Amino acid sequence: MDSHKWSLGFTLLAFLFITSSSAELIIKQVTQGRGIEYNNSYSLTSNLGVTTRELRDERPSSKIVTITSFSVIKDRGEPYESSIFEAAGYKWRLVLYVKGNPKGGINNHISLYARIEETETLPRGWEVNVDLKLFVHNRKLKKYLSVTDGTVKRYNDAKKEWGFTQLISLPTFYNANEGYLVQDTASFGAEIFIVNPTEKQEKVTFISNPPNNVFTWKILRFSTLEDKFYYSDDFLVEDRYWRLGFNPKGDGGGRPHALPIFLYAQGHKANAVVTNTWGAVNLRLKNQRSSNHKQLYSAAWYPIRSDYGVGVNNIILMSELKDASKGYMVNDAIIFEAEMVKVSVTNIVSA
1 MDSHKWSLGF TLLAFLFITS SSAELIIKQV TQGRGIEYNN SYSLTSNLGV
51 TTRELRDERP SSKIVTITSF SVIKDRGEPY ESSIFEAAGY KWRLVLYVKG
101 NPKGGINNHI SLYARIEETE TLPRGWEVNV DLKLFVHNRK LKKYLSVTDG
151 TVKRYNDAKK EWGFTQLISL PTFYNANEGY LVQDTASFGA EIFIVNPTEK
201 QEKVTFISNP PNNVFTWKIL RFSTLEDKFY YSDDFLVEDR YWRLGFNPKG
251 DGGGRPHALP IFLYAQGHKA NAVVTNTWGA VNLRLKNQRS SNHKQLYSAA
301 WYPIRSDYGV GVNNIILMSE LKDASKGYMV NDAIIFEAEM VKVSVTNIVS
351 A
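Each residue of the sequence shown is one higher than the last, beginning at 1 in full-length UniProt numbering.
No wet-lab data here; the hints were simulated from the structure. Don't take every hint at face value.
[Stated by the list, open to error] When the alpha-carbon atoms are kept at most 30 Å apart in a straight line, the in silico DSS-like pairs for lysine-lysine are as follows:
id, residue 1, residue 2
1, Lys200, Lys91
2, Lys91, Lys142
3, Lys74, Lys153
4, Lys99, Lys153
5, Lys142, Lys74
6, Lys228, Lys249
7, Lys153, Lys91
8, Lys103, Lys153
9, Lys160, Lys99
10, Lys91, Lys74
11, Lys228, Lys326
12, Lys249, Lys218
13, Lys218, Lys342
14, Lys160, Lys200
[Unchecked claim] Cβ pair distances, simulated, as ranges:
id, residue 1, residue 2, range
15, Gly89, Lys159, 10 to 20 Å
16, Glu118, Arg305, 48 to 58 Å
17, Val330, Ser350, 51 to 61 Å
18, Asn129, Lys74, 26 to 36 Å
19, Asp233, Asp57, 49 to 59 Å
20, Thr119, Asn209, 49 to 59 Å
21, Val273, Asp323, 31 to 41 Å
22, Thr121, Lys159, 12 to 22 Å
23, Asn129, Arg76, 50 to 60 Å
24, Thr121, Glu202, 32 to 42 Å
Please read these numbers as outputs of a predicted model, since none were measured by experiment. Beta carbons: idealized from backbone N, C-alpha and C, even for Gly.
Full structure from sequences and hints, please.
Quick look at the structure:
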């Protein structure tokens with residue numbers, strides 16, 4: 001027996017980038033980015049509490065701020081605030097403390113934050129949920145150190161600024177061998193992904209012994225059948241049609257000494273949610289003279305396509321089938337039966 005799984009899924013990213021300033025500095029700001037495709041060419045991960053740091057090749061996709069002559073502001077305590085930019089449908093500004101945010105009691109790290117702006121245009125009681133990543137460019141490696149903690153940042157009237165007080169330690173940042181400050185130039189950045197909670201969910205339910213779950217198929221004139229697969233009519237159990245199939249001359253490892261039987265999942269009924277389907281079935285070759293049926297239990301995920309069967313190559317030996325005293329073939333007829341003991345049903349419901 002075999003089973004296959006089909007799953008869906010989806011992923012979405014958007015973004016931000018940051019820096020500091022002075023009248024004596026040259027500041028370049030980049031607000032056009034590109035899509036995110038992570039690669040595994042280089043990875044560095046370290047944990048500070050729940051904060052994760054990882055090097056990647058791709059630029060931040062929303063905002064990049066590059067500061068030249070960084071030494072001019074290295075001892076300044078006040079923040080640099082970037083120009084306003086748009087990301088994910090909202091207005092933002094980046095706030096950089098080159099000596100650490102004094103309100104956070106930090107003086108040995110660079111601090112970086114993303115602040116939402118122009119909120120007076122938002123409806124009363126507004127709230128914006130953000131998956132936030134902030135960045136420092138490693139010029140030596142030509143990669144970006146992304147910093148995130150995996151939590152959704154909830155922006156509202158009471159909390160308009162989120163970020164990382166300990167973005168990168170000053171000893172690491174100023175160490176020439178590390179590559180974050182090169183030729184007195186450094187770049188910072190951010191990505192903003194708006195998290196809109198879904199109102200719907202896909203719910204998979206397993207139903208035991210569903211209604212109309214027994215299908216009987218009588219095959220007449222068995223001895224005249226050709227060497228090919230024969231299929232029953234389709235029968236509906238819950239949201240999906242099913243059918244039985246067999247080759248009277250045998251199949252696979254059971255050929256030509258045994259009789260096979262397979263269950264196939266067919267199409268879905270109208271308006272059903274089309275996914276793969278769990279099917280658990282008792283497959284039987286019925287004894288027409290007693291209750292001594294040949295039976296096997298099969299359970300598998302049936303894919304969306306309709307050419308996938310699960311069963312067995314040898315529900316009975318041909319010699320036993322053709323022995324009239326056994327009762328499995330009577331008047332050149334055999335009877336297969338499928339009892340669907342458990343099937344899955346998928347629905348879209350409120351989350």
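Results for each hint:
For the hint linking Lys200 to Lys91, the alpha-carbon distance of about 28 Å falls within 30 Å, and the restraint holds. Proposed proximity of Lys91 and Lys142 is supported: the alpha carbons are some 29 Å apart, at most 30 Å. The hinted pair formed by Lys74 and Lys153 meets the criterion: a straight-line CA distance of about 29 Å does not exceed 30 Å. For the proposed pair Lys99 and Lys153, the alpha carbon gap of about 24 Å is at most 30 Å, so the pair holds.
Our distance criterion of 30 Å between C-alpha atoms is met by Lys142 and Lys74, whose separation comes to about 23 Å. This hinted pair checks out: Lys228 and Lys249 have alpha carbons roughly 8 Å apart, not beyond 30 Å. Between Lys153 and Lys91 the CA atoms are separated by roughly 16 Å; this keeps the pair inside 30 Å, and the hint holds. With a CA separation close to 19 Å, the supplied pair Lys103 and Lys153 stays within the 30 Å bound.
Simply put, Lys160 and Lys99 have alpha-carbon atoms about 22 Å apart, close enough for the 30 Å limit, and the pair holds. Proposed proximity of Lys91 and Lys74 is supported: the alpha carbons are some 28 Å apart, at most 30 Å. Between the alpha carbons of Lys228 and Lys326 the distance comes to roughly 25 Å, so the proposed pair stays at or under 30 Å and holds. This hinted pair checks out: Lys249 and Lys218 have alpha carbons roughly 17 Å apart, not beyond 30 Å.
The straight-line distance between the Cα atoms of Lys218 and Lys342 is roughly 23 Å, inside the 30 Å bound, and the hint therefore holds. Our distance criterion of 30 Å between C-alpha atoms is met by Lys160 and Lys200, whose separation comes to about 29 Å. For the hinted restraint 10 to 20 Å between Gly89 and Lys159, the CB-CB distance of approximately 19 Å keeps it satisfied. For the pair Glu118 and Arg305, the supplied restraint of 48 to 58 Å holds, since their beta-carbon distance comes to about 51 Å.
The beta-carbon spacing between Val330 and Ser350, approximately 54 Å, falls within the hinted interval of 51 to 61 Å. Taking the beta carbon of each, Asn129 and Lys74 are about 35 Å apart, inside 26 to 36 Å as hinted. For the hinted restraint 49 to 59 Å between Asp233 and Asp57, the CB-CB distance of approximately 57 Å keeps it satisfied. Separation of Thr119 from Asn209 is about 56 Å and conforms to the stated range, judged on CB atoms against 49 to 59 Å.
Taking the beta carbon of each, Val273 and Asp323 are about 47 Å apart, not inside 31 to 41 Å as hinted. Under the hint 12 to 22 Å, the C-beta atoms of Thr121 and Lys159, about 18 Å apart, fit the expected range. The given range of 50 to 60 Å is broken by Asn129 and Arg76, whose C-beta atoms sit roughly 33 Å from each other. Distance hint check: the CB atoms of Thr121 and Glu202 are about 35 Å apart, consistent with the given range 32 to 42 Å.
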